[in-house]
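Enquirer: What follows is each chain in one-letter form.
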Amino acid sequence: MTIDGQKVDFAPGETIYEVARRLDRDVPTLCYDPRLEPFGACRLCVVEIEGQARPVASCTTKATAGMVVRTVTDALEAHRRTLLELVISENRDSGDAFGAGTPAHVDPLRGASSQELSTLAARYRVRPGRHAGAHSGHSRRDDDNPFILRDYDLCISCYRCVRVCDEREGDHAIHVGGRGFESRILTEFEGHLADSSCTFCGQCVQTCPTGALADKKALRAVDLPGELTKTRTICPYCGVGCSVDIVTKGDRMVAVQPAFDGPANEGALCVKGQFAWDHVQHDERLRTPLVRGADGVQRPATWDEALDRAADGFRRAAAEHGAKAVYAIASGRAPHESAYTIQKFIRAGFGTNYIDNCSRA
Amino acid sequence: MSNPLADMEKPDAILCIGTNMTECHPVAATRLKRAVAKGARLVVADPRRIPLADLAELYLPIRVGSDTALLLAMAHVIAEEGLVDEAFIAERTVGYQTLREHLRQFTPDWAAPICRVSPAHIAKAARIYAGAGRAAIYYTLGITEHICGVDNVQSLCNLALMTGNLGKEGAGINPMRGQNNIQGAGDCGALPVNFPGYQPCDDPEAAARFSQLYGREIAPERGITKVHALDLAAEGRMKAMLICGENTVVSDPDRNHCEHALRNLDHLVVVDLFPNETTALADVVLPATAWGETDGVYTNTERRVQRVRAAVPPQGDARPDWWIVSQLARRLGLAGFDYESAKDVFNELCSVSPTYAGLDWDRIDRGEYQWPVPDKDHPGTPILHRDGFKNGRGRFNMITYRDPAEVVDDEYPVWLTTGRRLEAYHTRTMSGRAAGMDYLLSEESLEVHPDDVATLGLVDGGFARVTSRRGSVVLRVRADDTSPRGTVFCSFSFGDVPVNVLTGGGYDPVTFTAELKVCPVRVEPAEPPA
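Line by line, the protein sequences are chains X and Z.
Numbering-wise (this note's numbering), the first sequence opens with residue 15 and increments by one.
Numbering-wise (this note's numbering), the second sequence opens with residue 37 and increments by one.
Simulated from the structure, these hints should not be mistaken for laboratory data.
C-beta: ideal position from N, C-alpha, C; glycine also.
Some hints could be false.
[Claimed, not checked] What follows is a list of derived Cβ distance ranges for each label pair: (1) Z/LYS74 x X/GLU204: 26 to 34 Å; (2) X/ARG330 x Z/GLY428: 45 to 53 Å; (3) Z/GLY251 x X/ALA333: 13 to 21 Å; (4) Z/LYS74 x X/HIS296: 36 to 44 Å; (5) X/LEU242 x Z/THR491: 55 to 63 Å; (6) X/GLU91 x Z/LYS74: 34 to 42 Å.
Pulled out of the complex, with its shape left as it was, chain X reads as follows:
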């Protein structure tokens, strides 16, 4: 087939959009998430196919031999701009979500994909207010869960949240109710997420392209000064090893977002990995070494004092009772460098294999 004048091979079953993406063609989308079945709702990914009267959605159209495709033409770009203007016209454009003069702007703390609509709005220089009319979407500010903001005034009915919950998470906690302009994202019985089969994994938040679903914990940091920075790492909870980005503002950890290219998780997280990260900068952290005094009370000490005391105790135990009077337990939570140095400490220090980790309980 040919895309924008370039001849290209394709695999059986590949869609035009997938082939175009392989060629680094920047075809815009809103309802598309590569992990989900193609949906064909937003119509932004339309392309022209030679011999066909009307543009087709590239995400749902399979590539065929000899097909000649154009992904960028004046007509397509005008169509996309109009579509975006229609999408934005349905949404509330005031209040805390949209900044003046920047259509569809939301704080990137809302979620990993939250900038998709605003980025396209800027790219296509959409004119807010070109189409006037009623606003769709009914935010559920009454849902008092501490994790997921349901700000449906910003919803564009791409249904990525519903589809990720069904197809990827398998929780089937939300669905689409109503039709057309009145369609809404609902839990069963139109209640709160906590009363549904939602497990607060956050996948709906992280795939939402407008910030209509948002990370409430992250939004606590909206007013903190500083740029957002992301650091790739691995979740500290179970052994699945999900890739995450720690989101920071200055020296503060303000959110965790899943890594869509994480080999173990492909963008999925659970409630712990997604929302249970604030132990790191918690007030109760140990911040200084403690040494027990003769009176039995633990008191703050310098590192030198504490390390001297710690080393003395091991030296004395081995000298008085032999090398087998000393034992160490390494952590299954700390990184390799912890376990490695601890086992080396025992083996090099005492000549025994008196070392274990916490895998037996």
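Position chain Z against the provided structure of chain X, taking the given hints into account.
Expert: Chain Z in isolation, oriented as in the chain X frame:
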């Protein structure tokens, strides 16, 4: 795991036994759900009607501690009905004829009254597993935390070997590791039986090699497990201990014994993030840097070696574990602890471990490799045992069934089994301090079957005293038919319900893993705790 996580979407049949995966490994479970949606046949064996059971074609509500009997009877059916992979058995295994003879006695009719499931269902489970082109086994602590944990695992190996479900895509024997780097701690040699890279401590050559590397004669003999070390401490024969990142007092079985053992030490040094029940007993407490503050490496349950990175500066004067331990070592005059970074430490590990020999700090930047990676040209090993078994042919094990260490009787008539919940992690040192988690789960409760609530004189939402041979705890009662009649459940996550006061009736004789999944108790109504 013998197979990668991505393979969880590929089996034709799946046996989940002793794994509450949707709560304990939720992201892995999403793959399993997708496999089932695509048509994989799922068999779930678990004493509790866990969420996975609702996805299963066949759910076997086996009695706690009866896994071996179920697996023996399944193997019996597979052998008797000829559902084996004869080519695999001939080419890759030894001892099948002996196994076949051994299995004759373990009929489904024999196992049914032990497991409390019907013989027909046992046979059906065997046929689903053995009849599939690709069948995978997933298990967790429900298999290992028994006095027969090793027998359970070996019984699963028998099933996989009989049916040729090892060394191929979408199959395998897959233990789901419960902690972010518990696989890594073993990889690094923090075990009494293995040096780094699973080189046996009692192999004189390996001991000689590490003696030379570490500049100290290391006796070529196995060390002792933590369980044994705590016993020695309780007897006054273990004197000094270094504990890193484990709230031993709360997480380990038989809490009173554990606490006594640690108090009895002359010298206890604890490295941790927060003050907890274990740091409270320490002579020296050393503050470690946390996740998000520490550069390093974790290895996940599929043997994938992945980098973790510091995103924020340490709190206060907290330091990385490797720095703390190196400082201690240097004070004892030990050489070889002059590391300047986590990278230095990891690269040394790679240089002494055959499983990591092809890796270094820079090569694992994006988590590309699953060990073993024996050399720099090796692509890693997503699927183990493809071309053969490490020690030659796969060996069948002649397993027999044993009752749990303690069984229910007139005095302790109810089975208690313990586990985890989605919304809490271990002793809640971390998850319990995260804003919002209390909204989902704010306290521990005893899950009691609704029909048992009244029989035991309890009230849903009231309190119960649970007493075992070792101690008792009081906690709230929640009527819930997840547990069957005669069995109750709770987690060990909440400090005010120290359920491990009750546990610890027995240990696996090989691994010394405690039988945390089975503990006969008495359940009585109680006043709310003060």
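Enquirer: Could you run down the list of hints and mark each one as holding or not?
Expert: Status of the hints after comparison with the structure:
Separated by about 31 Å at the C-beta atoms, Z/LYS74 and X/GLU204 satisfy the suggested range of 26 to 34 Å. Separation of X/ARG330 from Z/GLY428 is about 48 Å and conforms to the stated range, judged on CB atoms against 45 to 53 Å. In this structure, Z/GLY251 and X/ALA333 meet the distance hint of 13 to 21 Å, their C-beta atoms being roughly 19 Å apart. Hint check: Z/LYS74 to X/HIS296, Cβ distance near 42 Å, so the stated range 36 to 44 Å holds.
Taking the beta carbon of each, X/LEU242 and Z/THR491 are about 57 Å apart, inside 55 to 63 Å as hinted. The beta-carbon spacing between X/GLU91 and Z/LYS74, approximately 39 Å, falls within the hinted interval of 34 to 42 Å.
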